[in-house]
Amino acid sequence: MEEKEPVKSKPRPIIRLGLFLMSHSLLVSVVCCTAGILALLLLPVLAKNTYISENALMPGSASPMLSSDDVSEASRFVGKILSLNSSSASLGIEIPRLIKQHITALGGEVNYHEFRSQLNTFRPLQFFASPDPGIIQENSSCMSYGLNTVGIIRAPHGDGKEAIVIVTPYNSGKVTAGEALSLGIGYSVFSLLTRVTWLAKDIIWLASDSQYGEYAGVAAWLREYHTPFFGGLGKLHSEICCEPSGFSEFETDAILETGISDTFRHAGTMAAALVIKVADSSSEFEKDALSIYAEASNGQMPNLDLVNIVNYLAVHGHNLRVKVEKIQSFLHSWWLWGLGGLFESLGKLARSLNPQWSFGISIAEYVEGSATLASSLYNQALGVPTGPHGAFRDYQVDAITMEFSRQLSPGYRNRQTEFLMRGGRLVEGVVRSVNNLLEKFHQSFFLYLLTSPNRFVSVGVYMIAFALLVAPLPMVAASLFSDASKLGSMNEQSTSGPFSKPALKFRSWKWLHAARTVLIVQFWGAFMTLLPYFYCHIPNSSPMTRLLIWIVLLIISLLLLWLNLGSIFSHGNNTQSQRTQWAYLKSVTIAAAFTGLCLMSVINFATAEIGALLLVPMCLMTVPMKLKGWTLRTSMQVACNLVLTFLGFPPVAFVVLKGALKGFDSISIGEFWTWMEALWEWNSATYVYICMVHLPCWVLCILTLLHPC
Amino acid sequence: MEKTAEDKKRKPSKSEFVFGCGSGFGFWKWAIASVIFRLILIYFPGNLNLASRPEVSTPLTSLRRLAEGYWLKQLSMSPYAGSMYHGSPLLLSVLGPLTVKRIEGQPNYLICSLVSVVADFTSAMLIRQIGQRLLAAYGQNLRSLGLAELFEGSLPSGDVAALVYLWNPFTIVTCLGYNTTPIENLFIILSLYGACTGIAPVAAFGWVVATHLSLYPAILIIPIIVLLARGLDAPPRKLFLQQLSSKAGNDSSSDRHVEALKSQPTPFSLRPVLAFLFWSLLWASYVLILCGIALKNSGGLWEMFERTYGFILTVKDLSPNIGVLWYFFAEVFEFFRNFFLIVCHANILFMILPLAIRLYHRPCFLAFVYMAISSILKSYPSVGDSALYLGLLALFANELAEMQFSFFLFCGYVGVSLLSPVMHNLWIWRGTGNANFYFATAMAYACFQVVLVVESVSSMLNHDRKIRKLSTSMKA
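Chains Z and V are the protein sequences, given in the same order.
Each residue of the first sequence is one higher than the one before, starting from 1 at the first, in the numbering used here.
Each residue of the second sequence is one higher than the one before, starting from 710 at the first, in the numbering used here.
Hint data in this document are derived by calculation from the structure and do not stem from the laboratory.
There may be inaccurate statements among the hints.
Restraint ranges, calculated between C-beta atoms of paired labels, are given here [as the list claims (entries may be wrong)]: (1) V:K1025 x Z:I15: 52 to 60 Å; (2) Z:M490 x V:N758: 29 to 37 Å; (3) V:S1167 x Z:I37: 36 to 44 Å; (4) V:K1025 x Z:R154: 36 to 44 Å; (5) V:T1181 x Z:M490: 25 to 33 Å; (6) Z:L17 x V:P910: 35 to 43 Å; (7) V:S1167 x Z:T674: 55 to 63 Å; (8) Z:I15 x V:E1040: 31 to 39 Å; (9) V:E1015 x Z:E439: 34 to 42 Å; (10) V:T1181 x Z:L17: 34 to 42 Å; (11) V:N758 x Z:R415: 50 to 58 Å.
With the C-beta cut set under 8 Å, the calculated list includes, among others, these residues of chain Z facing chain V [claimed, not checked]: (12) Q300; (13) W357; (14) Q443; (15) F446; (16) S508; (17) W509; (18) W511; (19) T595; (20) V602; (21) I603; (22) M636; (23) A639; (24) L706.
Backbone N, C-alpha and C define an ideal beta-carbon position, used for all residues, glycine too.
Here chain V stands alone, though its shape is the one from the complex (with noise of 0.2 Å):
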């Protein structure tokens, strides 16, 4: 079917990863391409039918729900009657009128595709720009530490991580669909975008309006402030201060001892957080006031907060998806629904503090742990979430070249992105298999991106002992 061909083009991207290092890398050449490619599949006149697809499309992001919407809008009735539509009142008014735009002789929903054209592209830009930056921090800190040799060779990750961003099947499959994810991506991209570059009000934005549309995003305020206090990823600040303190023993006057003191992580500075914060709270109460404006007709703010926060965090809606938690929750007694509902959002909000202090020097991959952990556990997760968590990781692509399993979880991703639908097939249109079949695969899926987090982490983890390991045998 169209994921078939879709996962097989997965591979490109990742051989970009090793094989495009070369000087003529062509970034361009392959960006443009990959919009070239989106733009050609949105007039294929072919039944790809993604938008209905449970992987690609949730009840939260689905485009034609939002279509529904503001159908119910217009006839000033309240958009979230009758359980349809469950985003943000905001959206609605920005893309509710491009829904219903037709052009003439060509496929629905058009314009609200070329959108999400424009999203991926603008996040993949955002990407590079914030890799070129964690790329600058790298080699910076590692000449400081005298390892510089090490920096040699290593990969621009920026462009490698936009291009992951751009041709990951799951990206284009997720922008083919129909659906708002993209521009979700794009506001969390941007938060991190503002928080690396040091531009408080953009990073508040972005944090903001992430959460406003899909709520976990709001757990990345404690990256979004360490990086605005703290600055780029680096290896860990001892390390630096044990340089400092060898050197002013050997020979305080070198030049590398002015360097080390310029480029170590300033300690917790607390102006632009608090910087940040003001700005969230001015970001937030204007987009609360916006959401107050248009939902004034109908039940208000606190009918919105009910019917998408609420909606998310109760996990109403069972119809299945690539998420463990509708199965669960088809299957618990109601008399125990509450205490476990509690229990698998804390099961999110339980590992964000120690992830925190472990990874407090690398908080943009703290990021990336964040996106793919709450992606595993979210009441409504589709494949999108799984193509921001993938760029997010292209980014670490010099620290995690010694990455064990690779090939492994690749297999696992294809295999599990192959074998879903078929599974869905067989349950729902054959009917000779049954939801278990089905939930196999969600297993199988949050399996594999369980593995790819912890193999991640330990390999990053790893890179530090190995830069800790090579900057005390180089003092020795």
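Just chain Z, same shape as in the assembly (with noise of 0.2 Å):
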């Protein structure tokens, strides 16, 4: 980042346009902040319509063929399913064996998957590596099973490479009505599915067992599903349990009646999968409402032109309402509907001045169109699946979970056929769409924010947002690089001849101090990101007394760094050395937090977007305390550095946020413990840049605040 002193000659323009933005570094940083930070709250406006990118798919072009009678059997099947539930006892053995039965009877080919449950293992670096086939029998409990029933058809008019995978997650403890009109719906489609001569590629029901959540019941099926093992079911009980289990047995007797053999059966690669569930709840419009959830773990989504078809057959084919989620809170708040005033009338100005330009959008739609975004980057974010769809975009699937709500009505028996049929006929349309792929997805977006379901900002646009935040960084870092490194060289043309000292001799290698220092923070910060990993066994702990003894340790660590190694952090012993320090120290700090905001937005650019409206003001914005006299400017500027940092901090930037979106009378501090355990239970990287770019960062515009200059 240092650049070339001005000499004689002149320097190359670039050179010149560098050392001209450095120069104005104040200026350009508060421009491009401000610009950045209203980009952000542009992008409703910028949003663009969906639109159908892959010609391919053709949906709605062909006619449903789902009849009343597949729809009046998976009414029969649902009341089954809930007979069943009322009278039986062992309902994770009965479902399995009915759902079998009637997939037997439709000429399908069956077999059962049983997984354990898996205790959540904390690795912070798994978004490297690919999906590893050696953790299915880590962690794994003998007692807990879970079932999957798994259907199959062959396509007729396919090569058995290719698959499209329905799953309905319900939970074998206790079926809720909602479950069961999933199942039905699963039902209906795939007794329609075997009978048709259409289809291209394979079909999957995975009828996903929900008691461990349903996202387990799936990510196990998967595993398995991509990593071949050899050897039947009883095999890797043996090998695994000394204990029989009540399952196998079942197992067995089930093999025993039926004749089908338990090998575990594959069908092709999957193109797309599509999860079912019927909220319990109703609907709170007078319509069916449809609810999508897309993102998947570390803030990836699948192929926009999923949503789309999904969207488009929805609205246009089935009437239904689709919604995406939203920040329910931002619907009320003043601000957004004063930007939105502010828009709609700069957006009427601009169509009075020329009626070309059309850009502004309505108060209502801005705040909607804001709200959600807002959900969307948070949830993407967060680098937490939203569904059991997630555990395919693990393995380059797509996949979206499609939440069916309906609306509330006096006559329940006919709703329920009629709900089937509609539920039923949209998930074939989008079934027979997929089916007319020829490749996987590619055309449309894989990087994109969803401001509702039919209006999305692409990554071209949102990087802008960013690019803008992030500019000024290496640019300060730059100046005060140069400028460190001129008075450096200004003091020492004063006190040495032609021969230069010793000390003053690697003028340009001085940076090197601060890069230590900013170097045992990291190693500090890589400690932290460890450290919950050895007391998260504690038992019997609140998520308050965690966070305590998290932030103790916090404290204590950062003590004992400090006086270990206090000569390190203040090097030097003429004001002069130590004036120039604290610059290069700011310099290094802020190209640290410069690589890694750049990483994460490349990781995950949800986390990077938010860590950088935290990160970058307060950054750019500390100043050595002690650096000037007390006047209003500097003390103005302490207020502001000490306010930033307070905010800076993880656990405060959360209550303040959180309080801000959901008043501050019902949170507790200890939330933010829960969080982040989330965070490290679902190996988010949001978690790794927390420990180790957001807080080094921290500490280290601390020392900068301290610094004794």
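Can you join these two chains into the complex? Each is in its own frame, and there are hints to help.
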């Protein structure tokens, strides 16, 4: 970042440009940061309408074939499941058996898949690793089993190389009406697809057991699907578990009964997966509604085309109301309404100047868009999948969860068949559309944010906001660096002759000292990342106590660092070298923050965006408190610094944000720890970001604040 | 990921550079610590899985491929069958038995990793020796030019370079990554050591084996010959002659005159060069005979040339690596392939002569520049090549003290080495990126290496200019 000092000859234009930007870094950074925040607020206005990008999909071009026979069959199936629910005790066995009977009757292939509940293990670097087959056997307790039922239809026109997956999760402990209905939709579509002639991809129906969470069952099945395992279930048992389990006995019975082998059945590679759920609560609208959940782990999204066809078919073909998640409190925030009004009037003004400029949107649209965008951003930033579809994304399969919710109405019985018909036809349409695909989804976007079910912001647009936000970082780092080296060299020239003194000789390497400080703090960050791993197994501790332990350990380790390596933080004996030293420290800190943010923006954009909003002002503002006399300006600066640094501490930032969204009376500080634990249980890269980028930068900012200069 | 932690460790190595120059330097402490650190990481049960990283092991250097070749050889097939192995048959005979030897309850390839550790440590010791000689020559030259003040406070560049080599995260990653790069680097450094100490047989041995193993060190023949013929790096000879003539004009009997006479670089002396060439021939024929014996049951020497040097020169394996050629040759039309192969390889050759003329007086530095350039342009580069030239760069810590853009380069290297695995993951595992994402980091890496070479050469030339200015002003 260091630039050539202006010598007699004129430097090259690019260096002159760099020097110009560096000399005006304050102005540039204020302008850039403001523009970055403004661009973020403008995103709902800049969102584009979605369109089907892949021509082969042709959604809605065929009329639905799902007949009322299929639906009444499915309705009977739902009735059977609900009656089992009330009568039988061993539901975990009876429902798979029922599903299996029905699938066999339809002529599909069927098998059971048995899985164990897994404790979530802490693997912070999982993001970099491929899905690991080695973890199948780890952490399994022999007591708890789940049982997935898998039905497969072989496509009459296919070569068996590709498949479409339909997932219907149900809780084998207690089946709710919604889950029974989702099984019914799955069954109706499955029974139709056994008869159709147009099928080119195999169909897999996975009735996954969600007693250990909806995600776990699907993930376990996917893991086994993608790791060839030789030998049957019985072998698996004898290897892992010495205790015979009830299920395996049942398994052998079933095998003897029906003559179906217990081999794990495979179809081709998966082209797409649909998770079908039916909400137990009723829709608040006058129509049946469909919620779409798309976020997978680490902010990965399925291809936009998949969302598009579901949305297109639901709205145009089946008269459903489609919604995506929103942050409710945004809908009532006065400042968003104000901004929306401003943008609307600007849009009107622009249209009055030139009728072709039509970028204005109405206030309500803007507020809705912002609420959806914020929720989209937050869910991606969390890095925790919003449903069982997340498991598919780890294997590069595009998947979404479709959650239907019923309209509240008196005629329940009639409504049920109509609802089953509507859901089944939608799923059939999506399957038929995906069936047309020649290659896997690749046409449309993978990196996008939704502002409504039919509007999106693509990566090319939302990157601008982030790029503007982080652009000042390298500039300020370079300007600090060159100022510090200029100051150093001026001192040297005044004190020494042609022969530079040894201490002054390595002038251009002086930043190494600051780099060492940054390095040590980074190591400390790595240590803090791994710390919860060691004490998370303390039994009977509330999140609050764990958080307190964490904070106490954080402070103790920082103090230890300070005491042992105190000399590092206060290097240099004369004031001059100290004055340059803090500039070097800040410069290297900013460079580290920039590297971290850029890396994170590649891994999970949303985290980087939210992180940059917190980190960039803090890093740019920080200045030693002892720098100048106490004028109004410096005291303002110090106050700003203190506020930003206080807000930069992750628990405080969490509590303040949460409080601002949901009101301060409902939150407890312990919630932060629950949130953090969720992050690391899901192996979210956000956790690593917080501990390895945010926290070290925060500590370094404090070091700069307290710098004795 | 592992690299994140590794790359952070890059910093202490360089901070030794400046802050370790006090009295308690503790070279041995740090050197032994680096060896222990490697041993701990070797035993580390975690799945670091470095061997499968494209940044670390290439088709030429991967030990897994070597084990495969050894397996084929044991089945009395040609080790080159199936395009798996592309290395030397001698390595196969030496390292092959070690790859199959397992110690109960220990990680695989343990013995090979230990060999890598030993090779790294030996390389560092040789670098240290080279550095000590270079430093002594530097001091003597400056004294004879009457600039002894300039020498004050110089770093012990040998120690610094050895520690930079040992603690460089690139070296550590390479050492743990089950590949033969540490051994190749050892022979390159050995040839330079032989040339610096004037032992022609050692220089010839190192050069022949290094060339045999990885072909590119062949271009080191120029710096080695210059080193043997003219001695170690020194300011341009003109300066000494000027000094001499001015001293002769003023006072012919001063002791400084005698010293200058004694220490001025000798003109080109032919004898060690001839000895070097003779020994090279001898070693080369010896190596070829051994290879012939090793391959007598299979295709023979011709197959070896075709499968090793042919594989390097025709860039047959287009799997991604941190170089720039794979992408280019994946895109280029088959029709133009031969033409561009010649262009790409001639790129290295074009730069040899101009650099040799400009840096004639600094053969060791010339060797560093050659290694850096071949690391940019070679067909299957890995971070081990960077480890080698960064270690050699630190030999010139005193001369390059004024180097510009050091912070920029440092940030660039850290950034690229963190970004590269992320982009690879995005492309290969998540499927949301594509080859361009990864290739972008490869290009950025190449750019940073180019900037490093340009800046180091220009600051070396600036250093020479400074010496000339000072010595002429002294004279005036």
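Each hint, compared with the structure:
At roughly 42 Å, the beta carbons of K1025 (chain V) and I15 (chain Z) sit outside the given window of 52 to 60 Å. Here the CB-CB span from M490 (chain Z) to N758 (chain V) is close to 51 Å, at odds with the stated 29 to 37 Å. Taking 36 to 44 Å as the suggested C-beta distance range, the pair S1167 (chain V) and I37 (chain Z) conforms, at roughly 42 Å. At about 40 Å, the beta-carbon gap between K1025 (chain V) and R154 (chain Z) stays in the expected band of 36 to 44 Å.
Taken as a hint, the range 25 to 33 Å holds for the pair T1181 (chain V) and M490 (chain Z), whose Cβ atoms sit roughly 26 Å apart. Separation of L17 (chain Z) from P910 (chain V) is about 56 Å and departs from the stated range, judged on CB atoms against 35 to 43 Å. Separated by about 57 Å at the C-beta atoms, S1167 (chain V) and T674 (chain Z) satisfy the suggested range of 55 to 63 Å. Taking the beta carbon of each, I15 (chain Z) and E1040 (chain V) are about 33 Å apart, inside 31 to 39 Å as hinted.
For E1015 (chain V) and E439 (chain Z), the Cβ-Cβ distance of about 38 Å falls inside the hinted range of 34 to 42 Å, so the restraint holds. Between T1181 (chain V) and L17 (chain Z) the beta carbon distance is about 37 Å. The supplied range of 34 to 42 Å therefore holds. In this structure, N758 (chain V) and R415 (chain Z) meet the distance hint of 50 to 58 Å, their C-beta atoms being roughly 55 Å apart. For Q300 (chain Z), the suggested interface contact is upheld, since its CB lies about 6 Å from the closest CB of chain V, less than 8 Å.
Because the beta carbon of W357 (chain Z) sits about 34 Å from the nearest beta carbon in chain V, more than 8 Å, this interface hint is broken. Among the interface hints, the one on Q443 (chain Z) is violated; its C-beta lies about 14 Å from the nearest C-beta in chain V, farther than the 8 Å criterion. Interface hint at F446 (chain Z): satisfied, since its Cβ lies 4 Å from the closest Cβ of chain V, which is below the 8 Å cut-off. A hinted interface residue such as S508 (chain Z) counts as satisfied when its beta carbon comes closer than 8 Å to some beta carbon of chain V; here the least separation is about 6 Å, so the hint holds.
Satisfaction of the interface hint for W509 (chain Z) is found here, the shortest Cβ-Cβ separation to chain V being roughly 5 Å, below the 8 Å cut-off. For the restraint placing W511 (chain Z) at the interface with chain V, the shortest Cβ-Cβ distance is roughly 5 Å, inside the 8 Å limit, so the hint holds. At a threshold of 8 Å, the smallest CB-CB gap from T595 (chain Z) to chain V is about 5 Å, leaving the interface hint in force. Hint on V602 (chain Z) holds. Least Cβ distance to chain V is approximately 5 Å, under the 8 Å limit.
A cut of 8 Å between beta carbons decides the hint on I603 (chain Z): the least distance to chain V is about 6 Å, and the hint holds. The criterion of a C-beta within 8 Å of any C-beta in chain V is not met by M636 (chain Z), whose closest approach is roughly 31 Å, and the hint is violated. With a cut of 8 Å, the hint placing A639 (chain Z) at the interface with chain V is violated, because the nearest CB-to-CB distance is about 32 Å. Checking L706 (chain Z) against chain V: minimum C-beta separation of about 22 Å lies over 8 Å; hint violated.
Comparing the model with each earlier hint shows violations of hints 1, 2, 6, 13, 14, 22, 23, 24; every other hint is respected.
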